[in-house]
Structures are given as C-alpha cells and as structure tokens.
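Enquirer: Which chain is which? The protein sequence lines are L and S, in order.
Using this note's numbering, read the first sequence as starting at 1 and increasing by one per residue.
Using this note's numbering, read the second sequence as starting at 1 and increasing by one per residue.
It is worth saying that the hints were derived from the structure and are not from the lab.
Just so it is clear, CB atoms sit at the ideal spot from N, CA and C, and this is done for glycine as well.
Take these hints with a grain of salt, some might be off.
Per label pair, the in silico range of CB-to-CB distance [to be verified]: (1) H59/L / N118/S: 22 to 28 Å; (2) E87/L / Y370/S: 29 to 35 Å; (3) N50/S / N132/L: 24 to 30 Å; (4) F29/S / K148/L: 25 to 31 Å; (5) Q91/L / D19/S: 32 to 38 Å; (6) L152/L / E325/S: 51 to 57 Å.
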Amino acid sequence: MVQFSQSTYKWCDFIVAYIHLAKNIFMRLFITMDIIILINSKLFDYHKHISDDFIQSIHNVIPDSTIKIIDMNSNLFLHEIFGLIKEFKPQLLINFDYVGFSLHTESGTLSLNQLPMQCANIQFKSKSHYINELSFRQNFSMYTYIPKDENLNEYILEFPHITNFSYFCNITINNLNEYLNSKNKHSISKWLPKMLKDLWL
Amino acid sequence: MNILIFEWGSTYTHNDIIDSFSRNGISFFVVSYYFKNIDNDEYFIYKFENFLNNNNYDAVYSTNYFSLVAQVCHKKHIKYISWSYDNPLDIHNVDDTMNYPENYIFLFDKIQVQYYRNKGLSNVYHMPLAANPQRLESILCSSSDKIRYCSDISFVGRLFPSQHHTIMSLLNDFQKGYINAISKAQMGIYGYYMIDSLLTEEFINSINDYFKSINPQSDFVLSKEALSYAIGSQITREERITILKLLSNHFHVNFYSNEQHSLLDKVHFMGTAEYFNEMPKIFKNSRINLNINLKISQSGLPLRVLDILGAGGFLLSNYQPELDEYFTNGEEVVMYENILDAYDKADFYLKHDELRNSIALKGHNKVKKYFTYDIQLSKIFKIAGL
C-alpha cells in the first residue's frame, strides 16, 4: 500500500477544499433568486430577529437574491397580501410559523397552494401550537421544517397529507431564546444549502 | 380500489368527487401541486414518480388533463383517468401524451371528443359532468340570504376578456373585415361553431406573413387554436353583455362576476360568487338563472347548467345540443334560440310562477336520477376497467 506523507495529505485536503470553495464561488456568481419571507411580528415577537438573520444568511449563500419581507400584521387586507406575493413571483417563499396559512381560497384550501413557487414552512414551537395549520393539505412543492427536539416520525404519521417534513437546523424550541440572544447566525447559514437542495433551488 | 387523486390549484368539483369516493368505499390519497410550467417540470416528475413508487395505486385521477401526470403514469404503467370541465383543454401539443395507452380521457362535449377521435385518439370518451344534489339540497338559506340573493334573473359568469383586441390591432383591413364578418355570423348561431372551418390554413398563414412583414424581428406565430379561442371568447363576451343589458332594462338582474362593464349600468353587480356555499343560494333564490355558453363549447352541458339544476334553480339557457338531448325543453329546462327569444322567455316565465317552479323541480329530479357523481364516476371506472 502506498503511504503518503502528512504534508501530502494536507495538500490534498487543501486542494479539495479549494475546489469546493471555487465551485461555490462560481455557483454564487450565477444564481439569482426572488424570495419572500412571511412573518407576523405581532403574534411572534422573534420573527423580525430571525428574518434579519435569514436575510444575511441568504445573501451569504446567494449574493444576487432579492428578498422581500411581508408582515402579515400590516394594514393590508389578506387578499392584498396575496396580491403582493403573486405580483412579486418569488421562486421561494419562506413561511415562519405558518403565518401565510391565514390566506385561504373560497373553498378553504391554502391560497399559497395556488402559486407556482417552492415554499419552506418553518416552525419554531411545538406541534400543539399548530394543530389547525397542520390540518391543511400542502402542495408537494412545500417543505415543512420542524424544530430538532420534535419527533419527526410522529409528524409523518399524524399528518400523512403533508408530504415533506424535515428538521430545521439546530435551533430548537428549548434553545430558541439562547439563539435569539446570541449573535450566532452560523446555524442558519449552514442549513440553508440543505433547504435549497430539498426544494431543488 | 386505491386511487391517487392529483389536484392542480383549487378545482370546483374536488370536494364533491372525494365525497363520492368516500361514499362508495373507494380508498384514495390526494396530492396537490401548482405547475410552474405545465409542459416541463422536473421537480414535479421526480416527486410524483415517488408517490407512485411508494404506494400501490390502481389509477391516478385528476379533474382536467395534465400532460406531465400522463407522462409519469405512462412510465409507471398506471392508469390515468382525467375528467375535464375545461373546453378547450389547456394542452399545447395533443400528440405528445394524449395517446398513451394508460390514459382514459373523459370530456363533457361530444364534438370535442370527436375532434380528438378524428386525430386518432381512441382513449377519449364522452362523459357529461355531474352535480351533488344531496349536498346542494342540504344548503339552507337564511332570511338574510333570501334578501341578498333574491332577484328576477341571475347570471354567474365571466365576461371573457380576451386577446381579441390585441390580435385585431395587428391585422390588415381585409383580415379585420373577415374576422368581423364571421364573428357576426356566428353570433346568431347556437349548436355549431363554424369559426374553426372558416379559419383556413391560408388565412392563418396570411396573418402570420403580415405580422412578419410589419415586425421582422418578432418570432411570434399565431395559431389557429389561439385565434379561434380569442374570437369565441369575444363573441361570448358580446352576447353576454347584450343579453344582460336587454334583460336589465326590464327586470331586476343580479350579475356575479369579477368584472363590471360600463354598458351594464342597470345590472346589479354583486362581485364574484363562491362556488361551494354561495352559488347554490343564488340559484335557489333567483327566479331565473341564466346560462350563456362559451361559444367554442358547441355541444356539451357545462358545469354551470348542472350546478343550477342540482340546486333546484330554474334554468334559462342558450340552445345547446346535449341540453336538448338529455333534458326536455319547456318541461325540465328552457332554452332560447336568439337574444330576443331570451327576453320573451324571461318575460313569460317571470309571469308564470307555478309553471316555472314545476320546470325547475323536474330539471332537478332529472339531475338526481342521471347526473350525480356516483353515477358518472361508476361509468368512468367501468370504462377504465376498474
């Protein structure tokens, strides 16, 4: 068996890392994306903080992205909010705590299901807070991300009409305050590429 | 039987169909998706294939036909049943996917079926649409509903804004004159859409040659189907406006739509009507319910007709061959043959309450007996070999 010196291995690691970095830089140069983040600053006081973190993290991963924050607690009527989303034509909509699920069609289905876009629903609290929201059928262009201290299998069994469940980075219900008090955006930045990969973006 | 139901957007008939599936013990699972591109969507294909791989389905069902669903079902050799309430179908290329052996395509218009059969497609079948009279009967009207929806005549429908004006602005004088002439001729004819045979290949080529001559940089090509639809929509628009205008000069007319029109100044514009709970109340509380078909739909019973009759409403409709075939004119429905006839019949039946109510009841009973979802879906499954 051929043995290489430690320095050779270090050079190989360096070259692989360099290739990976170069590839990421190359990819970042050409990806553009229009993104909407839906929050409700009145119902969830942490939404503004986390949306700011998301914006920074997204810009790190996709420098040429246009991000619009829509606060469901604005003075707009629901149909006006839906009109804004439709007009913006996002490739990706990030929906914090299912706030966008207050937009319904006349037949009671989700209005967000009527839009040609990928959607990431990100849940920050335990299941019991979202029993109504989790009862809606979601398009399979939607991914639902739950905190890491929730039981994924339970969700899959209890909500078979929701086809895509996964975990949301390392932010959990229990460490949410810790996260909010820290300046650590690292978790979201590390997790974002996984989310984009899930959604084929 | 285990069926995967695919839903795109929010279809009117979805709840009634799953209601029928449940009532008849058919096991099903619903998935929904909104295409970014109805001809090309790799994410959809990947995900939809996974649904079929991970479960044992006897067939896929959708309301309206989707080429990409057909593609996946073809690859997986799973039957694909589609039952459309759209006419024409929203398909860009007939030949690509419609002739797959897994397809069972049900259309409500016999002439539309014949069109595809003439193109060599043997898996296209005729199946009139349906209503859910049981659900519709159970919708009760409060006293405020009765006040809100009460009217001599109601019309629920669009005015069909189309590309007609845009297209006409790009034509030469002869071409404009020709289209105006054939449109005017078609306006007075029910039960036959002659526009298609009058839009010859030569005429379409002359339009595209003229486009090219005034804008050589453009690669836009106008198809016969697009022009035909634009003309048909425009004729329908004009007919609806004319009839509503005429009727509103003499009667109380409620108009439920997403678009007002300046000519309809005496019509009571009510905005849009919600399909599931509100429309049945409109039909029950209007003395006359109008149906004015999209001109391109030459033969079949549109969903609106069955909605009205299923709710127990009195129907006054343009002449439509299959309406005449399945229902008795003057006993179960009333059809008009031209715009003035529409006025005469509206006037007559508004003055004869007992006769009007009797016709509405007989039309309703006909739907209960022959046009429920249970009945039509069982025929569909039988044809599909399920």
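Enquirer: Each hint needs a verdict: does it hold in this structure or not?
Expert: Here is how each hint holds up against the structure:
Between H59/L and N118/S the beta carbon distance is about 56 Å. The supplied range of 22 to 28 Å is therefore violated. For the pair E87/L and Y370/S, the supplied restraint of 29 to 35 Å is violated, since their beta-carbon distance comes to about 45 Å. For N50/S and N132/L, the Cβ-Cβ distance of about 28 Å falls inside the hinted range of 24 to 30 Å, so the restraint holds. F29/S and K148/L have their C-beta atoms about 29 Å apart, which keeps the hinted 25 to 31 Å range intact.
Taking the beta carbon of each, Q91/L and D19/S are about 36 Å apart, inside 32 to 38 Å as hinted. Separated by about 56 Å at the C-beta atoms, L152/L and E325/S satisfy the suggested range of 51 to 57 Å.
Consistency note: the structure conflicts with the earlier hints numbered 1 and 2.
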